[in-house]
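Asks: Now for the letters of each chain:
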Amino acid sequence: MTGADVLVRAGRLASEGVPFALATVVGVRRPASTRRGDRALVTSEGELVGWIGGACSEPIVVREALRAIADGESRLVRIGPAGEAAAGAHPDAVIAASSCASEGVVEVLVEPQLPEPLLAVLGDSPAAESLARLAPEVGWRVTRELAQDAEAVVVATMGHDDETTLAAALEHGVPYVGLVASARRASVVLAALRERGVDEDALARVRSPAGLDLGPSTQPEIAVAVLAELVAWRHSRAPVPATPAVAVDPVCGMEVAVDAAKEIATYEGHEYYFCGPGCRSRFEADPASYVTVEAS
Amino acid sequence: MRDILPTLERWAADGVKAATATVVSTERSAPRDPGAALAVSESGDVAGSVTGGCVEPAVYEEAREVLAGGEARLRTYGIADEEAFEVGLPCGGTVNILVAPLDPQLIGPLADAVREERPVAMVTPLSGANAGVSRLVSADGPSDGEVDERARELLARGNTAIVEVDGAEVFVSSFAPRPNMYVFGAVDHAAALAEIGRFLGYRVTVCDARARFVTPERFPEVDELVVDWPDRFLEQAPVDERTAICVLTHDHKFDIPLLKAAVATPAGYIGAMGSRRTTAEREERLRAEGVTDEQLARIRAPIGLKLGGRTPEEVAVAIAAQLIQTVHDRSQAPEPVAG
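Respectively, the protein sequence lines represent chains E and V. Residue numbering for the first sequence is 1 to 296, as defined by my numbering. Residue numbering for the second sequence is 1 to 339, as defined by my numbering.
Please keep in mind that the hints were generated in silico from the structure rather than gathered at the bench. Owing to the predicted nature of the structure, the values given are computational and were not obtained by experimental measurement. Ideal placement from N, C-alpha and C gives every residue a C-beta, glycine not left out. Heads up, a few of these hints could be off.
[Stated by the list, open to error] What follows is a list of derived Cβ distance ranges for each label pair:
#1 Q236/V to A191/E: 56 to 64 Å
#2 S74/E to D45/V: 39 to 47 Å
#3 S236/E to Q236/V: 18 to 26 Å
#4 D33/V to D161/E: 18 to 26 Å
#5 R277/V to G54/E: 33 to 41 Å
#6 G197/E to A129/V: 55 to 63 Å
#7 P6/V to P136/E: 24 to 32 Å
#8 E221/V to E145/E: 27 to 35 Å
#9 H252/V to E16/E: 44 to 52 Å
#10 R9/E to D45/V: 29 to 37 Å
#11 R310/V to R9/E: 54 to 62 Å
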């Protein structure tokens, strides 16, 4: 697969709204099996397509790619022999000691490509219509139904069964839940939710009225106020806490992404994950010695 | 009512009688603002709306009665919250709606004024012998007493509301031309701001001295594109309290003379783009040009609420939000004493 093929595939994934990370070799100190400009993409399942160097670099790039997909941040990864990779590295580069015999150092830029967040706009009030029209401009995908994977739900039904919609959004754990209603109407809706057994913590998550407080507003102004709050909310949010599980290769000590690991061995009921077949066969030849090392 | 004027014009031209139901005031949250109207023709056709569809059936019946020769009437639709629940009806707000026969003679002149962006108010007494009988008041011309004066005050601010004169309530529906938004600097942010500005009801002009950037391809969403020096353009452009001036040039060469001109106008919103450092430098230069602290305080800089967005579209939302906030701050300020 050429670098161009990788980009074609990346474009396809992006258009399908599938998350992935693009890994590009940006620096090489020879000897190394890769050149600047070599590229690969890593799916959220940890599958690597393309070429950024062989078995020495791949597990590290996959691990960092999965981290990038999880937190949305790009990272520069510097891979080389222990003790040498750090020399001359950019201060915020991720330093990774390769367990290979290769003496080269490779720098890889890992960029997550995440689909735009999904906003569910519920209701057909004028404010809802406007919000649905404006939100794509600021980088939201919009649905008019309650979707389980929505990151934000704005309920602006003008009263047509707000409670059911809100209860469902809270139950799905949608991070941003906003209600467009007067204070009095909102208090009635919240009381109804309470009666249905929705707990106080969940009720406290309902932003009501949704939107920044910009003063008494017309319908178009309400739409802009909600949009402004969504922009602020998206940028103030802490990175997603879910980090991919990582295990330490008991042979070489490298951190390996568990979900993407291809080399796995079971010993005394425990699973062990390896950076490559070399480490696994060494482990399998004498597992007891490595397990002791890990336990200490 | 603005949205249904084309339909009303057609009915008037065809000699079709009609009655209108107009929102004259609202309490708490209501789906539509004062001035929103629904019209019913004698053949039963409907145009427009007064709420999100919740009181329309009741209003329709009232309009039919008026068309059948009934008197103009003021109706209040306040839906108790408990009741709202049971019937699945909305809002918890209250709307006051005037249902009255439509005078076809008014429609032509009103539609012309709106098309030509001439300010005009429709004035309708809510009680007394002339209840429900509307007439038009333009921004100039001879004044016909206190009602006209009060109507003109509202019209100048683009407000639609009920005024009380000698103990009688009169509904003033302003058909003010769209307020102007002047955007200086033909940058990507300007295109995004123009779009949201138009959405908020502004007539948007984008001005830049560099002709090659001021093209309809880059700015499909604007009312007017101007190639001129920003300060020279602003000095001859109409500016009133509803005008928004957005300075996105972030180049001292343009900014300084432009902002100096801007603070000399009554514009309701002046914002200037630039980093905090640029802003500080710019303030120094403006002071050196004789701009006072009071004038400087009118400039929102760096422009826009701090929302953390980075794309031009996100910045445009931040500017629009600040503009809305500023407009409301001003509308809540004590009315200036006429003098």
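Asks: In ascending order, which of the hints set out earlier in this document are inconsistent with the structure?
Replies: 2, 3, 5, 10, 11
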